[in-house]
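Number of protein chains: 2
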Amino acid sequence: MKTMNILQEGTFSEKGMKKLLVHDSPYFRIINFNFKAGQELPIHSHELEGELSIQILEGEGEYLAKDRSIPAKTGDILICDIAEPHGVRAWTEMRVLVTIAPPL
Amino acid sequence: MKTMNILQEGTFSEKGMKKLLVHDSPYFRIINFNFKAGQELPIHSHELEGELSIQILEGEGEYLAKDRSIPAKTGDILICDIAEPHGVRAWTEMRVLVTIAPPL
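Protein sequence lines correspond, in order, to chains B and X.
First residue of the first sequence? That's 124 in my numbering, and the numbers climb one at a time after it.
First residue of the second sequence? That's 124 in my numbering, and the numbers climb one at a time after it.
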């Protein structure tokens, strides 16, 4: 059993998104990504079984999907297959939590 | 691929915590629990393989563990085995997101 605060521990960088591994196990991997406005997790996919969630903890931006984008703001959660193209772009400073099950 | 807003869709009830199934698949189950002050998810465990996270989306309260409690506020995340005793008690109105992998 462990706890942490995902709104306080992650940092930001002008050089690119910052990544903080919150948890990793055979069951799921939880990662906090922090973005300055304009930064992004580029659209990508992996040819693997499993699903992931992309939760917006704070801020505004857009989810990146194949041939489209979907507005994203605090409280939004996107769920998709690991094999489906997915990404995130920040319009404001943005904190994001990604959960991958099972981990890659 | 699907999206929802977990700060807007769940409701509260004076009668007890409200539960909203956000997602269920062979990979993980995601549930939003909303509590009025004083309500709780009583401490419990299941003799199963796997882990879960309990994330505080909004509000203040405490995590319930074996023989102790741990303060819980917005942004906190607790990760534990499904087999470890766990629960949550709300001190204020509280929104919580629970992710279980693999689902029970």
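Calculated directly from the structure, the hints in this document are not laboratory data.
Model, not experiment: these values are computed from the prediction.
Ideal Cβ positions, reconstructed from N, Cα and C, are used throughout, including at glycine.
Misleading hints may appear alongside valid ones.
Facing chain X, from chain B, some residues (calculated, C-beta under 10 Å) [what the hints assert, rightly or not]:
| hint | residue |
| --- | --- |
| 1 | 124 |
| 2 | 126 |
| 3 | 134 |
| 4 | 137 |
| 5 | 140 |
| 6 | 141 |
| 7 | 151 |
| 8 | 165 |
| 9 | 167 |
| 10 | 196 |
| 11 | 215 |
| 12 | 227 |
Counterexamples of contact, computed for chain B against chain X with all Cβ distances above 12 Å [said to hold, decoys possible]:
| hint | residue |
| --- | --- |
| 13 | 125 |
| 14 | 138 |
| 15 | 139 |
| 16 | 160 |
| 17 | 170 |
| 18 | 189 |
| 19 | 216 |
25 Å max Cα-Cα, derived DMTMM-like pairs, lysine to aspartate or glutamate [unchecked claim]:
| hint | chain 1 | residue 1 | chain 2 | residue 2 |
| --- | --- | --- | --- | --- |
| 20 | X | 159 | X | 172 |
| 21 | B | 125 | X | 185 |
| 22 | B | 196 | B | 132 |
| 23 | X | 125 | B | 170 |
| 24 | B | 189 | X | 216 |
| 25 | B | 138 | B | 170 |
| 26 | B | 159 | X | 181 |
| 27 | X | 196 | B | 163 |
| 28 | X | 141 | X | 216 |
Against the structure, the hints:
{"no.": "1", "hint": "124", "verdict": "holds, 4 Å"}
{"no.": "2", "hint": "126", "verdict": "holds, 5 Å"}
{"no.": "3", "hint": "134", "verdict": "violated, 14 Å"}
{"no.": "4", "hint": "137", "verdict": "violated, 23 Å"}
{"no.": "5", "hint": "140", "verdict": "violated, 19 Å"}
{"no.": "6", "hint": "141", "verdict": "violated, 16 Å"}
{"no.": "7", "hint": "151", "verdict": "holds, 4 Å"}
{"no.": "8", "hint": "165", "verdict": "violated, 17 Å"}
{"no.": "9", "hint": "167", "verdict": "violated, 14 Å"}
{"no.": "10", "hint": "196", "verdict": "holds, 8 Å"}
{"no.": "11", "hint": "215", "verdict": "violated, 17 Å"}
{"no.": "12", "hint": "227", "verdict": "violated, 12 Å"}
{"no.": "13", "hint": "125", "verdict": "violated, 6 Å"}
{"no.": "14", "hint": "138", "verdict": "holds, 24 Å"}
{"no.": "15", "hint": "139", "verdict": "holds, 23 Å"}
{"no.": "16", "hint": "160", "verdict": "holds, 21 Å"}
{"no.": "17", "hint": "170", "verdict": "holds, 16 Å"}
{"no.": "18", "hint": "189", "verdict": "violated, 9 Å"}
{"no.": "19", "hint": "216", "verdict": "holds, 15 Å"}
{"no.": "20", "hint": "X:159 <-> X:172", "verdict": "violated, 31 Å"}
{"no.": "21", "hint": "B:125 <-> X:185", "verdict": "holds, 14 Å"}
{"no.": "22", "hint": "B:196 <-> B:132", "verdict": "holds, 20 Å"}
{"no.": "23", "hint": "X:125 <-> B:170", "verdict": "holds, 19 Å"}
{"no.": "24", "hint": "B:189 <-> X:216", "verdict": "violated, 38 Å"}
{"no.": "25", "hint": "B:138 <-> B:170", "verdict": "violated, 29 Å"}
{"no.": "26", "hint": "B:159 <-> X:181", "verdict": "holds, 23 Å"}
{"no.": "27", "hint": "X:196 <-> B:163", "verdict": "violated, 28 Å"}
{"no.": "28", "hint": "X:141 <-> X:216", "verdict": "holds, 12 Å"}
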